[in-house]
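Visitor: Residue numbers (my numbering), protein chains in the order written: chain A, 1 to 359; chain B, 1 to 279; chain C, 1 to 282.
Check before you lean on any hint, since a few could be wrong.
As the list claims (entries may be wrong) - In silico BS3-like pairs for lysine-lysine, Cα to Cα no more than 25 Å straight-line:
| id | chain 1 | residue 1 | chain 2 | residue 2 |
| --- | --- | --- | --- | --- |
| 1 | B | 63 | A | 210 |
| 2 | C | 248 | A | 217 |
| 3 | C | 248 | B | 3 |
Read the hints as simulated data drawn from the structure, not as lab findings.
The lines below spell out each chain.
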Amino acid sequence: MKKYAIVAGVVIVFGVAVWLMYVNPFSTSPRAVTPQLAKELHLFIWSNYLDPTVKTDFEKEFGVKVIEDNFASNEDLLAKLQAGGSGYDVIVPSDYMVQIMRKQNLLAPLDLKNIANFKNINQSFKNLDFDPGNQFSMPYMWGTTGIGYNKKKASAPPTSWADLFDPAKLEPYKGRISMLDDAREAIGAALIYLGFSPNTTNEKELEAAKQVLIKQKPFVAKYDSESFRDSLAANEVILAHGWTGDIAAAKVANPDIEFVIPKEGSLTFLDNLAIPKTSKNQYTAEVFINYLLRPEISAKIVNLRRYASPNDAAKSLIQPEILNSATYSRPEGIKLYWLQDLGPAGDLYEKIWTEIKGQ
Amino acid sequence: MEKQRERGQLALLLLPSTLWLGLFFLAPLGIILVISLVQRGGPVAWQLDGSAYVRLLDPLHLKIFLRSLTLAVLTTFVCLLVGYPLAYYIAQRPPRLRHLLHFFVLLPLWANSLVLTYAWMVLLRPEGFFDSLLHALGFAEPISLLYTPTAVVIGLVYWYLPFMVYPLYGSIEKFDFTLIEAAHDLGATRFQAFRKVLLPLTMPGVMAGSLLVFISALGTFVVPALLGGDKTLMWGNLIQQRFLSTPQDWPLGAALSLAMMLFMSVGIWFYFRVNRESA
Amino acid sequence: MNERSLSTTTRATVPIHRRATLWDRLLEPVLGVNACFIYVFLYMPIVVLIAFSFSASPFSAVWGGFSIDWYIQLFQDSEIARALRNTLIVASFSMLFATIIGTMTALALSKFQFRGRNAFETTLNLPIVIPDIVQGISLLMFLVLVVHLALGLPTIIIAHTVFNISYVAVIVRARLHGFDRRLEEAAMDLGATEWQTFWKITFPLIWPGILSGALLAFTLSLDEFVVTFFVTGPGATTLPIQVYSMVKRGVTPEINALATLMLVASILLVTLSILLQRRRSS
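Same shape as in the complex, but just chain A (with noise of 0.2 Å):
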């Protein structure tokens, strides 16, 4: 008997499931584009990316609230849009990922009409490949990836890769080390290491960088891609992979700290500002990105979070120390390299990462 109402209970609640699953009683309007202000601004960003008074200044100036979330990995950004995260209004991809999303048709179109601040963007950073004519996206900050490291505890400045991957070079820093827990630039820059391109699909140049990067792991202490700044900042790590910008923040807490663009070469990146195709907040999400497009915003953002802006307009009121420093400028002579979208062997390397970190 008991069996019985089991057998029935789960009948029932899977029938309300199904029926849920196909009539679907809760599902949500389509979007209504107006031309009027919301009153909350949903912004999905990297960790430690955006000045937190520009959140402040934009709702007294336009009496929109900025609720500010945060991600880690372009991945893990297409993952929380994939799986039904609407609700954000504005996301920050990188350059590739932006053609990734562009290609899912997760994005919308922006209305140039409203971001009128586009004019202050350098022409080199303008209709990039991956979004010709800037239909979805506008460009925010770049910067590019390296080593950032102690001075007074490193025995030797880190001039090549080879001083992050080599097992007989790192017994000195064994368990003071960070890497970028992210698939495509830690795996990239393995393959750099190696004399391979960072955007290969070759398998046995990925098994090759997988095998570099088991080697490395022991002397790893942690992979993070959101708080390195701080652990290179308080002595914690010692040698840290990571992209400028936190780098030269790392700096500004203690000034031992060093970056370093390894001689083979590097990554670099653009992230943009876009919005999903399921806000329902287009208008004000535009607005918002016209106004961090604003030169002197663009200029303060970059005064705190030290990453590289395109905004030309910006250069003026950055300050001078930033512009000069090491972080700031593209190298002489060192090979960067962007990261592509490489379709369904792109998940190769989140493959490859999984079974680095499953070791």
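Given the structure of chain A, go ahead and fit chains B and C onto it with the hints provided.
Guide: Chains B and C only, in chain A's frame:
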């Protein structure tokens, strides 16, 4: 008449919990079962397909299962090893002190566990509290425990020790210590008295504590992420990744969740079996 | 805290009238030292956390003199104010729902025998034992794939209510356990309606249990992280989520101050809940 009224009353009283648990607890578990049986893609394609279970058996996954199991067993074992003498000690104090000591074991359980994990990060980091302490005591070599497996075990034992002590204390407190005397009078050695009298009679507490710790430790993903430096994937991380990071594979994530529940059920089954035997 | 200290526990079983051996005399101190170590282990992080929340240094691991700046900064942080508001909304609603539903369930279980009771009880206890990650993921899938409900505070409230029902039911049932049913019968014999009987007889006797259950539900909801992590949506950040993201993205000592306050709040609430339960036994 009376009967019918009672039935009406019963139905009324049980309706809200049945609905709530049915809709937001049982149905979701059902959905997980369904997802594990369909095809991957976009992120799920509603096509019957068992391949998620084939992917589940990937050697890498087996390795991670084994690691999570080992870690859960190790945590349980350490908690038991430390918790049993503690519970025994508390149970033998005078009543007032006993209540107080017991209360203070349980108190950290109610503090936010994330906050306490963070406190451990402060304690264990290189050039942090422990390191400086050891340095002050004359140890020249800096030790950095943070981001090591040791740190993960410390964190887990910290989280789950109260779970172990609570049921242990409950059963040791109820234990009649004159039984031990009787055993001695009958010529039992101390070890025999422990093994044949004390341990069997406090077994329900041992089992309940171990079960609680084991189940909780098996599903953990926060402690390895924070104290382990996100270096060693655990079962929980694997589930989280397959749902919340790319490449998404919801059927595999669902199968992984079900496998975790299976292990949990084995633990519970074992618990009831041992309890029945000792009863 | 090694094999030896375990094996020494066996020596505690020596009857008093026998001559005490070396082991017997050592047992007490060894157990005592073990206990001391454990209490230090349990409270060291708490003490350090509180101490550093008053440190002036911008690094969480360095002492830089006494200061309450981080508390001041904390109270001016609008993000944290928002997280606090969200947390309180979630905790209040889930407490309310869970207390009502859990109490009803406990009443039914103590009063009636019915078919499928075992299955029902098992289901009721399941949310307590099932790994929270599975609970979180399954509810997320259900909400995203089936109900198409936008993630946010309502979904967190739903999730918290699920496990809180179980806890409240357990606590109220314990209270009902020693309850003399004849009191209710007497009231009914004297002509009270069921409703009157409940409010005049049953409720006054079990309310400490209900209140204690409610407090527990509130505290659990206040501190819940894993399930919330999965079913939270844009902007629906609760304090534990806020703490997690602060730890992840790099920390200001503000977090020490926040952590200290959360700690104090939880400890006060739980102490209150335990005192209420005590009242029952006295």
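Visitor: With reference to the structure, classify each hint as holding or not holding.
Guide: Each hint, compared with the structure:
1. Only pairs whose Cα atoms come within 25 Å are accepted, and residue 63 (chain B) paired with residue 210 (chain A) is accepted, the gap being roughly 17 Å.
2. A C-alpha spacing of about 20 Å is found between residue 248 (chain C) and residue 217 (chain A), which places the hinted pair at or below 25 Å, so the restraint holds.
3. For the suggested pair residue 248 (chain C) and residue 3 (chain B), the alpha carbons sit about 59 Å apart, so the restraint of at most 25 Å is broken.
Comparing the model with each numbered hint stated earlier shows that hint 3 is the single one that does not hold.
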